[in-house]
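Asks: The primary structure of each chain is shown beneath.
Protein chains: 2
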Amino acid sequence: MIEIQEELLNSLKEIFGDRMKLERDFLEKYSRDETAELEGSMPGIVLFPLTPEEISSVMKLANQYKVPVTPRGAGTGLSGGAIPPSGGIVLSLEKMNRIIEFDEENMMITVEPGVITNEIQKLADRHGLIYGGDPCSSDSSTIGGNVAENAGGNKVLKYGPTGYHVYALEVVLPTGEIVQFGGKRIKDVTGFDMIHLLIGSEGTLGIVTKITLRLLPKPKYSVALLAPFESVEKAIDAVPKLMVKSGTMPSSLEFMDRSSIQSTCKFLNIEFPYSDAGAHLIIEVEGNNKTAVSDDYERIGDICLEEGALEVFVADNRNTREKLWKVRKSIAEALSVYSPVHCMEDVSVPMARIPELIKGAEKIAEKHGLEMLSFGHAGDGNVHVTFVKGDRTEEYWKAHLEPALIELYELARDLGGCISGEHGIGLKRKKYLPIILDESQIRLIKGIKRIFDPNNILNPGKIVDL
Amino acid sequence: MIEIQEELLNSLKEIFGDRMKLERDFLEKYSRDETAELEGSMPGIVLFPLTPEEISSVMKLANQYKVPVTPRGAGTGLSGGAIPPSGGIVLSLEKMNRIIEFDEENMMITVEPGVITNEIQKLADRHGLIYGGDPCSSDSSTIGGNVAENAGGNKVLKYGPTGYHVYALEVVLPTGEIVQFGGKRIKDVTGFDMIHLLIGSEGTLGIVTKITLRLLPKPKYSVALLAPFESVEKAIDAVPKLMVKSGTMPSSLEFMDRSSIQSTCKFLNIEFPYSDAGAHLIIEVEGNNKTAVSDDYERIGDICLEEGALEVFVADNRNTREKLWKVRKSIAEALSVYSPVHCMEDVSVPMARIPELIKGAEKIAEKHGLEMLSFGHAGDGNVHVTFVKGDRTEEYWKAHLEPALIELYELARDLGGCISGEHGIGLKRKKYLPIILDESQIRLIKGIKRIFDPNNILNPGKIVDL
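Which chain is which? The protein sequence lines are C and W, in order.
Every position in the first sequence, counted from 1, becomes a number in my numbering once 6 is added.
Every position in the second sequence, counted from 1, becomes a number in my numbering once 6 is added.
Be aware that one or more of the hints could be misleading.
[Said to hold, decoys possible] Each pair of labels, with its calculated beta carbon distance range: (1) W:Ile448 with C:Leu15: 29 to 37 angstroms; (2) C:Gly134 with W:Ile276: 49 to 57 angstroms; (3) W:Ala405 with C:Ser446: 46 to 54 angstroms; (4) C:Ser446 with W:Met26: 23 to 31 angstroms; (5) C:Lys66 with W:Ile412: 28 to 36 angstroms; (6) W:Lys373 with C:Gln70: 44 to 52 angstroms; (7) C:Arg104 with W:Gly253: 48 to 56 angstroms; (8) W:Glu59 with C:Gly134: 49 to 57 angstroms; (9) C:Arg132 with W:Leu316: 48 to 56 angstroms.
The hints are simulated quantities; they were obtained by calculation from the structure and are not laboratory data.
Just so you know, these numbers come straight off a predicted model, no measurement behind them.
Even for Gly, the Cβ is constructed at its ideal location relative to N, Cα and C.
With the rest of the complex left out, here is chain C (with noise of 0.2 angstroms):
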């Protein structure tokens, strides 16, 4: 572990006074995130900055004494981002948590990373707009995470991720400069697009401290169908064809098998109908005119009843529709309380393989002698096939957790698709990366790093080491 030399802790201490945390059950909750099966590792100091200025200070001082930075946002992260794994510093940015400007004119809105995602939402949706990033954790992660990770949700589908919102960022750089990226412009070519180089950088290449978002008007009608299906094998193939013959971009297309809702509707202590079925899809279509998204949602249930779906509920008002998200917004934190053990993936693969994906996942498991679940979003090819400890020794599932980790990982590259969808390499899939990319690929990964951050100050050992 990096020491945190006095000079330094004094530089910081004047800095930020008793927004400088050292006591261990601080240092303690900062030591992790989210992912399940990562062990922490901890921080020598937690910082609560409020200004780029004073990150830039901290990453000048860091520079200078060469220790490790870590930025965080809610630490809801899935792949270990903003565990700092030699020590150092974690700067934590909840603070930074203001809508800066809301700004109607232009519909765009710009805050600081510490706000809550779903703040955003509500903001849109009093003003008859919406922010079309819908991650499940929209209620507890941060923007400046969903930015660090380009993360996805219920709703990239048709709105794409978070990254296809996002107009501008101010940014400190590892080296301190503060800098100001694209505008509250829809379209600019001046020059490189660091913009979407910077989102889904995990916090490598710079600390995001402004986001200015694109709103959307607010569709008037959205309905949700759910439609359970006797076995997972069904469920899934009708995902493409759901796709393809539906001649409407549905606003989601979720999946969840019955394990996923059995343990989330114990979780909420709710009923959920057919809750014994191999697996369920949530469909939402959505429009401004009443009979248009009719249409499209009885065109959608016509398709699912012909796919051999045992029923089609429509979620027609606000309070259903919540109730179902509820269910299916909730099945990561139903697993942590039933199957703490476990190991969540989120491997994406083009549409039409997603059948294949599943199959071959069930067989991975089988083979390693290993409990599965899945659940995701089906539509975009993107599912969450979690590996779940059980009741199997410490041993057997070290022993064969890895092994069926790099099937999966395979299988989805031979499927044409990749072993992170959403959710990032960050410390977690850092050593599988060569199953996906090639030498090149890695080489440019850790040449635009060092441009970045010549010392290899910020966020140092994620997604690659140097």
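Fit chain W to the known structure of chain C by using the hints.
Replies: For chain W alone, coordinates are given in the frame of chain C:
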């Protein structure tokens, strides 16, 4: 100019045979693009590769002999990206023009870079799908050029620029490796977002040899409105109001001033309603339900009338709509016939600032005694302010254009905009880049360029000088 060594010529001749051209009339054609005010520069040779392997060999030889390589699509660029400023090799991708795969199941299409963009649109249309990119040059520009420039066009408002549709790229790196970035997966956060770094890098970071694009369900109904206004001011003032008040996202919101329309109608030899009006807006809405689309366009038509439109014409059949778009898409061509000496800009500002941009640009033109016309993508804030020489002397034009340009770029910046929304920096705007990017940003661009291209061999002298 860089000399091409005899030995290098022999090696290339062996690979390319009669797909290597040295004849003066060939070289002449490949010395320029469609940027009106840029002088050409003769290449030493032009090569027509058919495979990524051939391109890889060229890059390896170019690095060995230190000869610059300038990739080129259809040569329709508007910032000099395809001009070889110091001679060397021009690599024309025209013959790599195959549609490799139409994957209906995944709603993706994979093409070579030399495919004309319109061919993709036509093929998608035959399958009830659309490609969301729609540059005005779509019947002459290639998809490879669109990717290199991150081309915008008429539908960015709703569908985003070219980059939002690209999910995989096969690229020959400047150092010769053939690399596959991305795949037919909607979500991918496996490492840095290299795809969006390559898109819009103007052929300075790699030569794209395959492109996979996502297609979308084709809306069943499209209606275009044409709204003439008394003055540019009245038309432009209506734009932000249309965007905020309509409650829907038009697929296009275009603007043409009187000079643009009159010269284009003369060029096409057609009549146009209210052709003496100060300016026209074209607004297109689309959807799957006839009533919903009617509701949308009626609301938009009402807002136009409230904002002072002289009339609102509805083009609700394909024929009339195509005629309308023909005018819009032919403005640049008409300009090059009637005003061959001109300077077409594509500054981009926040939507609500468009009125200030146009008024400011008019003042700049007046101050410098220049003729000005304007047209473009008003809904997304990207307007083609165009200075025209008219009957001014060559000396006058040369003396007054540059200060006017600088003032225009500064105005765009001060309104929160940038100097290029879709045409790129290339040769044309390179020296103006510091108006909008600071030292750190330019340092990062140069650093990234060096990581990809250590010998500065691929399209050198574009965007920045190393």
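Asks: If a hint holds in the structure, say so; if it doesn't, say that too.
Replies: To see whether the hints hold, each was checked on the structure:
1. W:Ile448 with C:Leu15: 29 to 37 angstroms: holds, 35 angstroms
2. C:Gly134 with W:Ile276: 49 to 57 angstroms: violated, 40 angstroms
3. W:Ala405 with C:Ser446: 46 to 54 angstroms: holds, 48 angstroms
4. C:Ser446 with W:Met26: 23 to 31 angstroms: holds, 27 angstroms
5. C:Lys66 with W:Ile412: 28 to 36 angstroms: holds, 34 angstroms
6. W:Lys373 with C:Gln70: 44 to 52 angstroms: At roughly 49 angstroms between Cβ atoms, Gln70 of chain C and Lys373 of chain W fall inside 44 to 52 angstroms, so the hint holds.
7. C:Arg104 with W:Gly253: 48 to 56 angstroms: Roughly 28 angstroms apart at Cβ, these two residues miss the hinted range, so it is violated.
8. W:Glu59 with C:Gly134: 49 to 57 angstroms: Since Glu59 of chain W and Gly134 of chain C have Cβ atoms about 54 angstroms apart, the given range 49 to 57 angstroms holds.
9. C:Arg132 with W:Leu316: 48 to 56 angstroms: violated, 36 angstroms
Comparing the model with each numbered hint stated earlier shows that hints 2, 7, 9 do not hold.
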